[in-house]
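> With the hints as extra help, turn the sequences into a complete structure.
2 protein chains.
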Amino acid sequence: MSDHASQKATVTPGNLNVLLVGQAGPDAGSLLAQLDSLGYSFQLAATPEQALLAVESDAPDLVIIDATAPDVDPYRLASHVKQLNFERALPVMFACLPKDLRAEIDGRDLGIDDCFAKPIPTDVLAARIRLLLRNRDLERSLRQQNRDYDLLNRELLQARDVLGRELELASHIQRSLLPHEMPQLDRFQFAAALRSSAEVSGDFYDIYRLDETHYGFYVADAIGHGVPAALLTIFVKKGIQTRDITPEGYRLLSPGEVLTRLNRDIISEKLSANPFVTLFYAILDVEAASLSYASGGHPPAILLPTDGPVRPLLSDGALLGIFESDFTTGDVTLGAGDQVVLYTDGIEQARADSGKVGLDALLEYLAALPADAPRDAFVTLVEGALDALITDDTAPQRRDDAATFVLKMVP
Amino acid sequence: MSDHASQKATVTPGNLNVLLVGQAGPDAGSLLAQLDSLGYSFQLAATPEQALLAVESDAPDLVIIDATAPDVDPYRLASHVKQLNFERALPVMFACLPKDLRAEIDGRDLGIDDCFAKPIPTDVLAARIRLLLRNRDLERSLRQQNRDYDLLNRELLQARDVLGRELELASHIQRSLLPHEMPQLDRFQFAAALRSSAEVSGDFYDIYRLDETHYGFYVADAIGHGVPAALLTIFVKKGIQTRDITPEGYRLLSPGEVLTRLNRDIISEKLSANPFVTLFYAILDVEAASLSYASGGHPPAILLPTDGPVRPLLSDGALLGIFESDFTTGDVTLGAGDQVVLYTDGIEQARADSGKVGLDALLEYLAALPADAPRDAFVTLVEGALDALITDDTAPQRRDDAATFVLKMVP
Chain A
1 MSDHASQKAT VTPGNLNVLL VGQAGPDAGS LLAQLDSLGY SFQLAATPEQ
51 ALLAVESDAP DLVIIDATAP DVDPYRLASH VKQLNFERAL PVMFACLPKD
101 LRAEIDGRDL GIDDCFAKPI PTDVLAARIR LLLRNRDLER SLRQQNRDYD
151 LLNRELLQAR DVLGRELELA SHIQRSLLPH EMPQLDRFQF AAALRSSAEV
201 SGDFYDIYRL DETHYGFYVA DAIGHGVPAA LLTIFVKKGI QTRDITPEGY
251 RLLSPGEVLT RLNRDIISEK LSANPFVTLF YAILDVEAAS LSYASGGHPP
301 AILLPTDGPV RPLLSDGALL GIFESDFTTG DVTLGAGDQV VLYTDGIEQA
351 RADSGKVGLD ALLEYLAALP ADAPRDAFVT LVEGALDALI TDDTAPQRRD
401 DAATFVLKMV P
Chain B
1001 MSDHASQKAT VTPGNLNVLL VGQAGPDAGS LLAQLDSLGY SFQLAATPEQ
1051 ALLAVESDAP DLVIIDATAP DVDPYRLASH VKQLNFERAL PVMFACLPKD
1101 LRAEIDGRDL GIDDCFAKPI PTDVLAARIR LLLRNRDLER SLRQQNRDYD
1151 LLNRELLQAR DVLGRELELA SHIQRSLLPH EMPQLDRFQF AAALRSSAEV
1201 SGDFYDIYRL DETHYGFYVA DAIGHGVPAA LLTIFVKKGI QTRDITPEGY
1251 RLLSPGEVLT RLNRDIISEK LSANPFVTLF YAILDVEAAS LSYASGGHPP
1301 AILLPTDGPV RPLLSDGALL GIFESDFTTG DVTLGAGDQV VLYTDGIEQA
1351 RADSGKVGLD ALLEYLAALP ADAPRDAFVT LVEGALDALI TDDTAPQRRD
1401 DAATFVLKMV P
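From first to last, the protein sequence lines stand for chains A and B. Under our numbering, read the first sequence as residues 1 to 411, first letter to last. Under our numbering, read the second sequence as residues 1001 to 1411, first letter to last.
Be aware that one or more of the hints could be misleading.
[Claimed, not checked] Covered by chain B, according to a simulated footprint, are these stretches of chain A (three or more residues, beta-carbon under 8 Å):
#1 113-125
#2 137-143
#3 155-166
#4 174-182
#5 247-254
#6 346-354
[Said to hold, decoys possible] Derived contacts from chain B toward chain A, CB cut-off under 7 Å, selection only:
#7 Ile1173
#8 Ser1176
#9 Leu1178
#10 Gly1226
#11 Ile1245
Treat the hints as calculated values from the structure; they're not laboratory data. We put the beta carbon where it would ideally sit given N, CA and C, even for glycine.
Right, dumping it as structure tokens:
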């Protein structure tokens, strides 16, 4: 049993290096003889100074301080050696006279690892040394594991920070690509909100003037979220074609035509891993106060009249980027005070105090403002909608990007 | 000194819970009296079964096994207790008869932490217990640190994996946005290569047919690399306008005009953090065998004739996205066998066996192929250029994305 356990120590007798501190008197001599008989290497330090020097330069595996040696303050030396070799977990023993209670007690309280009375049977000394080395090896290996973990940890944190700054910059760029300001029209107001589940978003919206009397706008949702989705949103923003060149100049494409072309465009890029986009696209005719619209697999926009039931603006069209497909264009004439609410399915995370959830929570929230509220109040309300309705305590795996875009006809 | 050190242990006498294993004989009685006088809580287990049960249910701070107790195999019990409480670092002591060498030796080799002969002075027992608890606390805290690190590392690795998969998908998408195949023309050949320093790239190239006789192509380099740069490359790809609507239909924009519009477009987005792009844009007229070109702060393309000196295709133009600026269009007529080499500054990492570096290494590499080599050989050569010239041993902080696009007029 002894043999088995002793082999566990990384140090075998042959290369064990013991530093014995004390004068080379008869007592030290018998200890040295014991260490020698055990096959250990050893050296003798007569003074504390020699001892500290030897500890520093020779890195012994074990220090035995002869507490009976004159001119050596064993407590001071032990304390010094332990402090200097904290990380190395260097074991220190006292060899003392039988019944030296001070050595037994104060030595241990000072940090030494064992204290034995001379003379000690050689095999007991060996067993005590094995125990100390076992403890030392355990402590060292735990400390080494900690250092290894710490190193890996630092590398991971550093990589995370680098990528974090990158994503933050990407987020700035993507946010910059949202409309800087909404068109200021007499009869219509626009406002929008976007809430990302990560630095960059798969949800996106845009609005632009098409000609004297028409404005195009949309809400898009690229599959998934994060970086790949963000790439797709820019693809959509910059890839949407809104007009066709004709012999007479140009003509505006209908929402259905816009989606047909965008769909073909995404398909033609043969994007790997089949990413796709859903999108609700609308064109507002400010003269006619009418809206034409099309959906590429996107939840229908909601017409929210000043009174009367809400009505989804339905139209046929598959999500974009998978199959060649047709997209129908729907039309609706707006009345004074009507709101049209575009949104992405991230709205499912919404929870209102009233108990309503998802889209219902959003519609209730938007309907709360009087139809004749000033533009600023409308904009502030819409821009705050998602933060008001979606809390941060959604489980991470259920978090999604969310966006809403609201058009209101001034009453 | 004793008092001070003893306070370091997390367990104070008042709440120290000692399990003493052995029959309640006179010996055990005196040990119990000592523990009691030290203010420790204690309980007695008469049999190994009771001892194991008490260890499990009461989580003592220390186990003292009376090795003199009949009906208890102290070695077997100690081994069992230590094994079951490895992670808890539960200290185990033997109380034995004086000169019980087997207990002193085999006990320690079996894993106990200390062995003392009865009777033992109470304050020595206390000091020994304090030492064991100190060791236990150290081991526990090191193990706890390891567990904490392990947990944090797992979280970091998991986050890294999630982001890694995201970036891989983004990389697929971005690669998909490179030309799927080059135009197949009788008199001209095209080939390109791109090498990313990260999953996604800030370098990009594209080529497309503009009309019956014109092809537009470019190499772009968005500032930095990684995700923000990748977003900009898509902005550029989808944002480039190549034609103008006119009363007669349309006209192709010159390279200088293309860059003027793209520059305005990027500026108008008011991208945060001032990201910018450099780009070399060219239009090939396949009938006239002429090239018109413009540069937005990009290294000039190189005209590499079959013989004669290489010539940079210089033109004026600042990098894109910072200031309103004009971009001049240059022109050159190509001869049979001529190559035009577009590249990004990542080529600076190139090292040829000949000792040439950077652009010189690339030009030497491209000039090595006979002018009348078949198209496949040309394409293979160009596509392998960056992998051949840029090694993976570039220091990470010096790695950059690199791209080259080569046009060759068939001799």
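> Restraint: isoleucine 1245 of chain B near chain A, CB-CB cut 7 Å. Satisfied or not?
Holds: closest Cβ of chain A sits about 5 Å from isoleucine 1245 of chain B, inside 7 Å.
> Under a C-beta cut-off of less than 8 Å, do 3 or more residues of the stretch 174-182 of chain A approach chain B closely enough to confirm the stated coverage?
holds (count 5)
> The hint names glycine 1226 of chain B as touching chain A; please verify it with the least Cβ-Cβ distance against 7 Å.
holds, 4 Å
> Any CB of chain A closer than 7 Å to the CB of serine 1176 of chain B?
holds, 4 Å
> Within the stretch 113-125 of chain A, is the number of residues with a Cβ closer than 8 Å to a Cβ of chain B three or more?
holds (count 4)
> Take the stretch 346-354 of chain A, compare each residue's beta carbon with every beta carbon of chain B, and decide whether three or more fall closer than 8 Å.
violated (count 0)
> Are there three or more residues in the stretch 137-143 of chain A whose C-beta lies closer than 8 Å to some C-beta of chain B?
With 4 residues close enough to chain B, the hint holds.
> Grab the minimum C-beta distance from isoleucine 1173 of chain B to chain A and call the hint holds if it beats 7 Å, violated otherwise.
Cβ of isoleucine 1173 of chain B sits 5 Å from chain A, so the hint holds.
> For the hint on leucine 1178 of chain B, just tell me whether its beta-carbon gets within less than 7 Å of chain A.
violated, 10 Å
> With a C-beta cutoff of 8 Å, work out whether three or more residues of the stretch 247-254 of chain A approach chain B closely enough for the coverage to hold.
holds (count 3)
> Between the stretch 155-166 of chain A and chain B, see if three or more residues pass the 8 Å beta-carbon test, and mark the coverage as holds or violated.
holds (count 6)
The structure shown violates the earlier hints numbered 6, 9.
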